[in-house]
Amino acid sequence: MNDLEPAANLERRDFIKCCLKAGAAAAFCGGLTAWRYRSDPPPLQVASANLVRLPDFSVADKRALLAIVTGAERPRMIETALTALGGIEAFVGRGDRVLIKVNAAFASPPLLGATTHPDLVAAMVRQCLGAGATTVIVTDNPINDPASCFALSGIEAAARQAGAQVRLPRSADFAPTTLRPGALIADWPLLYGPFQGVTKLIGMAPVKDHHRSGASMIMKNWYGLLGGPRNIFHQHIHRIIEELALLVKPTLVVLDGTQTMMRNGPTGGSLDDLKSTRTLIVGTDQVAADTVGAGLLGKTPADLPFIGRAERAGVGHSDLSVVQVLRASAD
Amino acid sequence: MKIQTARSLSQVFFSVLFLWFCLVSVVGTEWFRIRGWPVNWFLQLDPLVAMTTFIATGHFYRGLVWSLAVVVPTLFLGRFFCGWVCPFGAIQQALGYLAARLRPPVDRPRYNRPHWAQRIKYMLLAGLVGAALGDVVVKLVLLQGSRLLVPILLGLVLALPLLKKFIAARQSSRLIGAGTMVVFVVVWAGLRRFAPDTAWLQSSVQIGWLDPLCLLERSVNLVLLPVFDPAGWFRAGGAQVTAGAWLLGGVFLAAWLLSLRQPRFYCRFLCPLGALLGVLSRFAVWRIGKSQHDCSQCRLCESHCEGACNPEGEMQVAECVLCMNCFHVCPQDLIGYRSLPSAAGERFTPDLSRRGTLLGLSCGALAVPISRLGGNLGRGWRPELIRPPGALAEPQFLERCIKCGQCLRICPTNVLQPALFQGGLEGFWTPLIMPRVGRSGCQINCVACGHICPTAAIRPLDPAERHGTGAFAEVGPVRIGTAFIDRGRCLPWAMGRPCIVCQENCPVSPKAIGTQEVFEPLAGGAITITAVQGAELQVNVIGPQLLGLGAGDLFLQWRADGDERRARIIRIDERQRTMELEPSQFEPPRVEQAAVVQVHLLRPVIDPGKCIGCGMCEHECPVSGRPAIRVSAENESRHPRHRFWGG
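Here the protein sequences come in this chain order: A and B. Read left to right, the first sequence gives residues 574 to 904 (the working numbering). Read left to right, the second sequence gives residues 22 to 668 (the working numbering).
Bear in mind the hints are in silico, worked out from the structure with no lab data behind them. Positions of the beta carbon are idealized from the N, C-alpha and C atoms, including for glycine. Certain hints may be false.
Which bits of chain A does chain B cover? Going by a derived footprint, with three or more residues having C-beta under 8 Å, they are [as the list claims (entries may be wrong)]:
#1 669-683
#2 779-788
#3 841-847
#4 871-880
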């Protein structure tokens, strides 16, 4: 009998208990709905919340300085150049964390000159550590597979042996940055991870032919700090190089024209593409450095519109008479 | 130590070793990278790999001689490899063990009874061997080859038992026998007449579908490691992508999880390697057996049996995987691993008739021409089948590739991907290049895939050989395809935007992508000069399209003295409506003069004579969906008939 009519047998207490439970569940559902209710639809694109910004790494009293050294042995040349500039100590001091942005774009051996020469990287790392830097980090976001690039270019082995850390880019290393509203670099991923705690930045690049922009040197080399589908900016190559030069304020730049890739750049691939030009440019003025580099390629600043653009934007000088130029030989 | 403990330790050891070899199959110089680790060792131990590639090619390639280390002991000891070494067997056994624990003990023997379906694996083995036999059959039928003696002797040996029967038979049987012989000769003659024109039977190594080591190697390399290592810590190059991973993963899970249904399901019913080892153990000197016929029939041996080989009755030697579980569980201690026959009887040959074998062989051999009837090796070849550099011509490639996925794992750029239907059914899970999927195109200085390939389906290239330099200068570089520009999608061709990222990234020297220089009038670029101050011009209008491209790529063109004049615009000021021209030998345009703003474009053009098909350009093309420059396999050096370019 009871089995057939359980409802009839409900005690009042049971009834209230059931009601309370059901009511609590209903209140929970209603409350959750009310709490998370939203009438406006979500935006198509979610703007990045935490934009990062590269700090200014330049040394205040060392602007517009350039050392041009001739020779054939890169380690000696860079030593000579730094001595001419007042020693590495003028730029890197005790306790500094130094980041070296090399050009490791391609999985190509050092012989072919498409990447920063490992001897040069090693010499620079030793200089920085000798000056008391606690850490030296070598990084780049290459075009080819990063591990292959750093291994084949010889940069990884040379940098490690000299005592530096090599940082291959990982997806978590990229954070969005904006140069200014309306710029090409707006909410765009930047290789920011390796910059944690970094106090000094050194850019090191070879002088290379580049069909689209005319030349790939110091300012173009900052391209390797961008992530994302960055090659869409090739449509505005001179503008993006100008923006990169504005974005990055390095402590020191090293432009290697010991050998210059005269054609078939920026990949090269044959020794025939290289010419011995026996020049190393070290300084603090990116525009001036690229101007000297342009000369090694047999070009003038007028052939490379990004130089003029960067100069007008206030990055540096293409007029070498305004820059303090120190010449030396390391033969 | 009990012998099962030793067996378990052995299984764990080899499974860990297998996993370790998978993990270290990454390009690099550290001790935990590839270096000298014999990462192909398990595949090389596999007699099925060695045998089928031998049948198809006539050679045992390099490390495949290791298979002797399995074949010879198996002849004496039985299927020790299955029970003691095979890592796929081990993980199945582990799963089957767990599942058995959940069943009531009284039920357990039922799952380990010999089952008729155990013969399926022998059929599959016969089919796979049959598929590899094509070339041999053709050689025999045509009596080809430098030494005629070999096929004739072989034929005699095969015919001998028939002949003996023929002599011993009664008269009516002799008539039937003679008739069969005549039919046989007629068919042979017919084949000899027609076969040469059609290359009717061809060898194809298809063991990769089912061979347990290929299956496990492939699944670990392409699915398990990428899934359990999403950050790519064990790969050095970041996260891995596997095209069609759903199918690879599905097949692996199905093959493995079926052992929940029945212990060692795959080993018992499907594994062609187990079948081969079963055939090889027909002379086994030592095998499991009972010392007296009658026992208490407690079935304890059967409830622990891994091979479903009937240890308490007529022992099925070919099915026994030497798990040794029956030893210690026998309460009367009747079971041992001995050189004496089992007192309860034993059966060495697999449960498959001669007719069944012949049927399997023929089906396998016929499956190859049927699969190729689609024309995928002929006129109907698929241009998206871009094989890695060093891959042999397709028929030879298919005689060697075992779908193990080693090349896909080692590829530093992840550009090498398992094929689905691009290579036909036979080419399933074989390597092909997908430039868009990888982290870059196929790197020009890399020869890793050929050097890991255990069967030389991809030839181990010297870098000079790949580049076509030094001793290989006359042969030229190894081309895997050609890039084609889609002018309807290419920015400088179709939309008047400067780009040439493809040209920049072309790794060949001199570059295989050249450029055509053009100055294209900008839409809305017709302007009038309102004032001139040196090189600075005041103009009537500056439209947004000018600002979109910006100075550097824009030029101003005007006419003076009947000639065209052109100068680069180096600065544009929108608010002042001024532009500055680069200083040149020309007088700047006059006031009130009409002029046109042009965009300076370099349009990419491929030189097929230089292009090697590496796909760097396709990978880097900024048209992010379907790229404007795409590689397909035309002009690949491995197939001279896929050329479209003379010279």
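Quick rundown of the hints versus the structure:
1. Figure legend: the stretch 669-683 of chain A, annotated as covered by chain B; annotation consistent (4 residues with Cβ-Cβ distances under 8 Å, at least 3 required).
2. Coverage of the stretch 779-788 of chain A by chain B holds. Counting CB-CB distances below 8 Å, 3 residues qualify, and the rule asks for three or more.
3. Check on the stretch 841-847 of chain A: 5 of its residues sit with their Cβ under 8 Å from a Cβ of chain B, so the three-residue criterion for coverage holds.
4. Here's how the stretch 871-880 of chain A fares: 3 of its residues keep a CB closer than 8 Å to some CB of chain B, so the rule of at least three is met and the hint holds.
When the structure is compared with the earlier hints, no violation turns up for any of them.
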